[in-house]
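Colleague: Below are the chains, spelled out letter by letter.
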Amino acid sequence: MEVACVLIPDSALADPVEAGEQTERLLRRLERIGAAVESERAGEAFFSLDGLRGLYGGESAGVLAAARRAAEIEVRIGVAPTRFAAHAAAQRETIVPPPAAADFLAALPVSTLVGRLELPPREAGSLVETMRRLGIETLGTLGAIPADLVADRFGPPGLEALRLARGEQEPLRPRHPHEELAEEVELPEGAAGGQLEHALRLLVARLLAAPQRKGRTLLGLRLGAVLSGGGSWSVDQGLGRPTASARTLRAVLMPRLETLPGPVAALRLRALGLGPQVGDQLELSVRGEEHRRRRLAEAIREVRAAQGAGSLLTIVPLDSASRFPERRAMLTPSPDR
Amino acid sequence: MTPGLRRLYVPRPVKVEADSTGQPTSVDGVAVEAVREEWVVEDRWWTPHPLGRHYFELALADGRNLVVFRSIVSKRWYRQRA
Numbered sequence: 105m106e107v108a109c110v111l112i113p114d115s116a117l118a119d120p121v122e123a124g125e126q127t128e129r130l131l132r133r134l135e136r137i138g139a140a141v142e143s144e145r146a147g148e149a150f151f152s153l154d155g156l157r158g159l160y161g162g163e164s165a166g167v168l169a170a171a172r173r174a175a176e177i178e179v180r181i182g183v184a185p186t187r188f189a190a191h192a193a194a195q196r197e198t199i200v201p202p203p204a205a206a207d208f209l210a211a212l213p214v215s216t217l218v219g220r221l222e223l224p225p226r227e228a229g230s231l232v233e234t235m236r237r238l239g240i241e242t243l244g245t246l247g248a249i250p251a252d253l254v255a256d257r258f259g260p261p262g263l264e265a266l267r268l269a270r271g272e273q274e275p276l277r278p279r280h281p282h283e284e285l286a287e288e289v290e291l292p293e294g295a296a297g298g299q300l301e302h303a304l305r306l307l308v309a310r311l312l313a314a315p316q317r318k319g320r321t322l323l324g325l326r327l328g329a330v331l332s333g334g335g336s337w338s339v340d341q342g343l344g345r346p347t348a349s350a351r352t353l354r355a356v357l358m359p360r361l362e363t364l365p366g367p368v369a370a371l372r373l374r375a376l377g378l379g380p381q382v383g384d385q386l387e388l389s390v391r392g393e394e395h396r397r398r399r400l401a402e403a404i405r406e407v408r409a410a411q412g413a414g415s416l417l418t419i420v421p422l423d424s425a426s427r428f429p430e431r432r433a434m435l436t437p438s439p440d441r
Numbered sequence: 031m032t033p034g035l036r037r038l039y040v041p042r043p044v045k046v047e048a049d050s051t052g053q054p055t056s057v058d059g060v061a062v063e064a065v066r067e068e069w070v071v072e073d074r075w076w077t078p079h080p081l082g083r084h085y086f087e088l089a090l091a092d093g094r095n096l097v098v099f100r101s102i103v104s105k106r107w108y109r110q111r112a
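Residue numbers (the numbering used here), protein chains in the order written: chain A, 105 to 441; chain B, 31 to 112.
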């Protein structure tokens, strides 16, 4: 197997929230060329070249050229048989064919392991430092040590390092491609308090109204903000069970607003996963209120089908006390109920 | 503006004649019967893009009530529902 690694330069990843957004854009662009991507850290994407060559002239070079074009930003790309080796190859912008992989890995310094082990950076750094003190400078030296000795001296992290050094790694676990479902609202300068709650209501309504949701439920959300004073903020919120209830989403997200570190210039909401359609979920009972809500939702769907997605609008208050009338309320597409 | 969103009560340019004191005398060629109220709103004066508006609530000769304002920054006139 040949694994390609695409890296966004560190200079573009200074802001953690922007880094997440940029990574997501990169993954989607790579998915558009047919790549099944895996990414567990911001700024990096892995995919297998196998199966893609046929689409791009039969050669790996064709796939890599397509990936570079699709990325639309400056990226570094490397290829090797495992994701660890591919990451190191990408940093050097090189292609390591399978027969050369062992030599390539053997020559790498043990510091290459930092950031690639499932350890906090400080612990990984400490492990590597200990290896160096013992004279283990390269992955080749590490890989030549019997596993039981490594286990005795370094424990499970050492064994993980040994597997990486020997080029042993489990196959990629690509994510399931899904459509972008995210909304953003820009706010009057320095929005806080009640204005933020209104903005969140607006975002939830817009997210649920987005046509690409196609009636599906949400599994998790990422609430993010661009701060007026510079910088950004985000928090991931699991939902426990799939839901498309605006009330439930607001209930879990509102308390998160209290953890915002300062006034906000823009608020973002992104779906982290989509579940089954609303109609597929079992319900214990249907009360009268719910019945009316369903009839209203049906009516909304019919109007929308006949007149278009933007035909039904809801007035959402933003800052009802503002002295500037245009800041008081907005019109937004009505959500499915 | 975020795509798909539409603001309500957005100011629209309007043609206003004013006298030497700055009081509106006609709006789109319709005479002003009375100035019912006027007020000034200023905001963001601490930023490079300050907002300043001199609002007038007017009764026009054709019977309409209308709110217009003159931007203190651009010196242009706008009407606005509120």
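I should point out that these hints are in silico values taken from the structure, not numbers from a laboratory.
Ideal Cβ positions, reconstructed from N, Cα and C, are used throughout, including at glycine.
Among the clues, some could well be false.
A short list of chain B residues far from chain A (calculated; beta carbon distances all over 12 Å) [said to hold, decoys possible]:
id, residue
1, R36
2, V40
3, P41
4, G52
5, Q53
6, T55
7, S56
8, V60
9, E72
10, D73
11, L90
12, K105
13, Q110
14, A112
Only some residues are given here: those of chain B computed to face chain A with a beta carbon under 10 Å [to be verified]:
id, residue
15, R37
16, V65
17, W69
18, V71
19, R83
20, V97
21, W107
22, R111
Colleague: Hints first: check each against the structure and report whether it holds.
Modeller: Results for each hint:
Not every CB of chain A is more than 12 Å from the CB of R36 of chain B (nearest about 4 Å), against its label as outside the interface. A beta-carbon of chain A is positioned within 12 Å of the beta-carbon of V40 of chain B; the least distance is around 5 Å. The beta carbon of P41 of chain B sits about 7 Å from the closest Cβ of chain A, which is not more than 12 Å, so the claim that it is off the interface is violated. Residue placement check: G52 of chain B keeps its beta carbon more than 12 Å from all beta carbons of chain A (closest about 20 Å).
With a cut of 12 Å on Cβ distances, Q53 of chain B stays outside the contact zone with chain A, its closest approach being about 21 Å. Non-interface status of T55 of chain B relative to chain A is upheld: no Cβ of that chain comes within 12 Å, the nearest being about 24 Å off. No beta-carbon of chain A is positioned within 12 Å of the beta-carbon of S56 of chain B; the least distance is around 23 Å. With a cut of 12 Å on Cβ distances, V60 of chain B stays outside the contact zone with chain A, its closest approach being about 22 Å.
Not every Cβ of chain A is farther than 12 Å from the Cβ of E72 of chain B; the closest lies at roughly 9 Å, contradicting the non-interface assignment. Residue placement check: D73 of chain B does not keep its beta carbon more than 12 Å from all beta carbons of chain A (closest about 7 Å). With a minimum CB-CB distance of about 19 Å to chain A, L90 of chain B clears the 12 Å threshold, and the non-interface call stands. With 12 Å as the threshold on Cβ separation, the claim that K105 of chain B sits away from chain A holds: the shortest Cβ distance comes to roughly 18 Å.
Chain A draws Q110 of chain B into its interface by the beta-carbon criterion, the shortest separation being 6 Å against a cut-off of 12 Å. The non-interface label for A112 of chain B is inconsistent with chain A: the shortest C-beta to C-beta separation is roughly 4 Å, within 12 Å. The beta carbon of R37 of chain B comes within 5 Å of a beta carbon in chain A, closer than 10 Å, and the hint placing it at the interface holds. Proximity of V65 of chain B to chain A is violated relative to the hint, the smallest CB-CB distance being about 19 Å (cut-off 10 Å).
Evaluation of the W69 of chain B hint against chain A yields a held restraint, the C-beta minimum of about 9 Å falling below 10 Å. At its closest, the beta carbon of V71 of chain B sits 5 Å from a beta carbon of chain A; the interface hint therefore holds under the 10 Å criterion. With a cut of 10 Å, the hint placing R83 of chain B at the interface with chain A holds, because the nearest CB-to-CB distance is about 8 Å. Here the hint on V97 of chain B is kept, as its CB sits about 8 Å from the closest CB of chain A, short of 10 Å.
A cut of 10 Å between beta carbons decides the hint on W107 of chain B: the least distance to chain A is about 16 Å, and the hint is violated. A least Cβ separation of about 7 Å between R111 of chain B and chain A falls short of the 10 Å threshold, and the interface hint therefore holds.
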